[in-house]
Amino acid sequence: MDSIDRTIINQLQGGFPICDHPYRVVAERLGIEESELIQRLEQMLEQNQLTRFGPMYHAERLGGGLSLCAMSIPEPDYERVTEQVNAFPEVAHNYARDHELNMWFVLATESPERIASVLEEIEQVTGYRVYDMPKQHEFFVGLKFEV
Amino acid sequence: MVLNEIDAILVSKIQGGLPLVSHPYAEVARQIGISEQEVINRISSMQESGIIKRMGIIVRHHELGYTANAMVVWDVPEERLEEVGEKIGSKSCVTLCYQRPRRLPDWPYNLFCMIHGQQRERVLSFIETMVKEEGLEDIPHKVLFSGRRFKQRGARYQ
Chain A
1 MDSIDRTIIN
11 QLQGGFPICD
21 HPYRVVAERL
31 GIEESELIQR
41 LEQMLEQNQL
51 TRFGPMYHAE
61 RLGGGLSLCA
71 MSIPEPDYER
81 VTEQVNAFPE
91 VAHNYARDHE
101 LNMWFVLATE
111 SPERIASVLE
121 EIEQVTGYRV
131 YDMPKQHEFF
141 VGLKFEV
Chain B
1 MVLNEIDAIL
11 VSKIQGGLPL
21 VSHPYAEVAR
31 QIGISEQEVI
41 NRISSMQESG
51 IIKRMGIIVR
61 HHELGYTANA
71 MVVWDVPEER
81 LEEVGEKIGS
91 KSCVTLCYQR
101 PRRLPDWPYN
111 LFCMIHGQQR
121 ERVLSFIETM
131 VKEEGLEDIP
141 HKVLFSGRRF
151 KQRGARYQ
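Protein chains in written order, with my numbering: chain A, 1 to 147; chain B, 1 to 158.
Bear in mind the hints are in silico, worked out from the structure with no lab data behind them.
Wrong hints could be hidden among the right ones.
Stated by the list, open to error - List time: in silico DSBU-like cross-link candidates among lysine-lysine, alpha-carbon distance up to 30 Å: (1) 144/A - 132/B; (2) 91/B - 132/B; (3) 91/B - 135/A; (4) 132/B - 142/B.
Claimed, not checked - Ranges of calculated distance between the beta carbons of each label pair, as one might list FRET restraints: (5) 86/A - 82/B: 17 to 25 Å; (6) 67/B - 134/A: 44 to 52 Å; (7) 19/A - 49/B: 13 to 21 Å; (8) 77/B - 121/A: 29 to 37 Å; (9) 48/B - 25/A: 15 to 23 Å; (10) 20/A - 125/B: 45 to 53 Å; (11) 3/A - 32/B: 22 to 30 Å; (12) 87/A - 21/B: 34 to 42 Å; (13) 17/B - 100/A: 37 to 45 Å.
To be verified - Computed from the model, here is a short list of chain B residues facing chain A with C-beta under 10 Å: (14) 39; (15) 63; (16) 86; (17) 97; (18) 107; (19) 126; (20) 145.
Owing to the predicted nature of the structure, the values given are computational and were not obtained by experimental measurement.
Glycine is no exception: its CB is placed at the ideal position from the N, C-alpha and C atoms.
From just these sequences and the hints, can you work out the full model?
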């Protein structure tokens, strides 16, 4: 990754033009050719540095349900439960964290009502309680990473 | 907010990414059988109404060296929530700051923020500085670093 890639990443986390030739607009701003910008984006996607290039949706405004969930899983069961939890298509991220509640994942469903039923299914399949902690108020959301 | 049918098709069509071609919105338009201008108008209006938070790059922060990913949780008295939430949310290293419900007795924390850094020590010293600068010494907090990561993908919409 060189300095042009870094500039692309830093700038394009802040938005992308919505016009008939958006790549050209960005490329001009960066002082490179449109084809080079496209090629660099393709490469960063191929190398898995980007999750994707496109829209970041607001789940609730799209009519979906979203929640952060945690579970407390003893080590011997951790792998089994991870597989069971990740098998749900509604589970978006799943991280181990160093706390009594040691498994944390995001649940994203097509409707808010679905959250409760997926939680119940997860509890039934795994045999462990799920702590459900939906967002109540947003103080800040930036999620940009300088590189 | 209820999306109409064409918006819903559009949401689903571009969720995996925009085409990497000169006229990406024209390409999407061709695929769903509407005009480029209509795609542009609909995406713009979804962005204005906040259905689309933003267009652009969504990075895999782990692959970019942000491997020290801390969730810092705080047990904030209700009357200080607004003040503390605003203070923490305004810090440059904080990528998210949300109020969430406590789950007593097991989980007393009601304010969550994420700090993504490249080194654990730096994340910890940043938190320490933040506590001092913002006068948060009397608010119990815990730092939960992430360990193994098992799944990272965005939500999917039909």
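Going through the hints against the structure:
1. About 25 Å separates the Cα atoms of residue 144/A and residue 132/B, which keeps this hinted pair within 30 Å; it holds.
2. A distance of roughly 13 Å separates the Cα atoms of residue 91/B and residue 132/B; the hinted pair therefore holds under the 30 Å criterion.
3. Straight-line distance between C-alpha atoms of residue 91/B and residue 135/A comes to about 20 Å, which keeps the hinted pair within the 30 Å bound.
4. Taking the CA atoms of residue 132/B and residue 142/B, the gap is near 15 Å; set against the 30 Å cutoff, the hint holds.
5. Range check, residue 86/A to residue 82/B: about 36 Å between beta-carbon atoms, so the 17 to 25 Å window is missed.
6. Our hint of 44 to 52 Å for residue 67/B and residue 134/A is violated, since their Cβ atoms are close to 28 Å apart.
7. With their beta carbons about 19 Å apart, residue 19/A and residue 49/B fall inside the hinted range of 13 to 21 Å.
8. Judged by the Cβ atoms, the range 29 to 37 Å given for residue 77/B and residue 121/A holds: they are separated by roughly 36 Å.
9. Checked against the given bound of 15 to 23 Å, the beta carbons of residue 48/B and residue 25/A, roughly 19 Å apart, stay inside it.
10. Hint check: residue 20/A to residue 125/B, Cβ distance near 48 Å, so the stated range 45 to 53 Å holds.
11. For the hinted restraint 22 to 30 Å between residue 3/A and residue 32/B, the CB-CB distance of approximately 38 Å leaves it violated.
12. Between residue 87/A and residue 21/B, the C-beta spacing of about 35 Å keeps the proposed range 34 to 42 Å intact.
13. About 38 Å separates the C-beta atoms of residue 17/B and residue 100/A, a value consistent with the hinted range of 37 to 45 Å.
14. With 10 Å as the threshold, the beta carbon of residue 39/B comes within range of chain A, its nearest partner Cβ sitting at about 9 Å, so the hint holds.
15. At about 5 Å, the closest approach between the beta carbon of residue 63/B and any beta carbon in chain A falls short of 10 Å, and the interface hint on this residue holds.
16. Proximity of residue 86/B to chain A holds as hinted, the smallest CB-CB distance being about 6 Å (cut-off 10 Å).
17. Interface restraint check for residue 97/B: the shortest CB-CB distance to chain A comes to about 4 Å, inside 10 Å, so the restraint holds.
18. Given hint, residue 107/B at the interface with chain A, holds; its Cβ is 6 Å from that chain's nearest Cβ, closer than 10 Å.
19. Proximity of residue 126/B to chain A is violated relative to the hint, the smallest CB-CB distance being about 14 Å (cut-off 10 Å).
20. For the restraint placing residue 145/B at the interface with chain A, the shortest Cβ-Cβ distance is roughly 6 Å, inside the 10 Å limit, so the hint holds.
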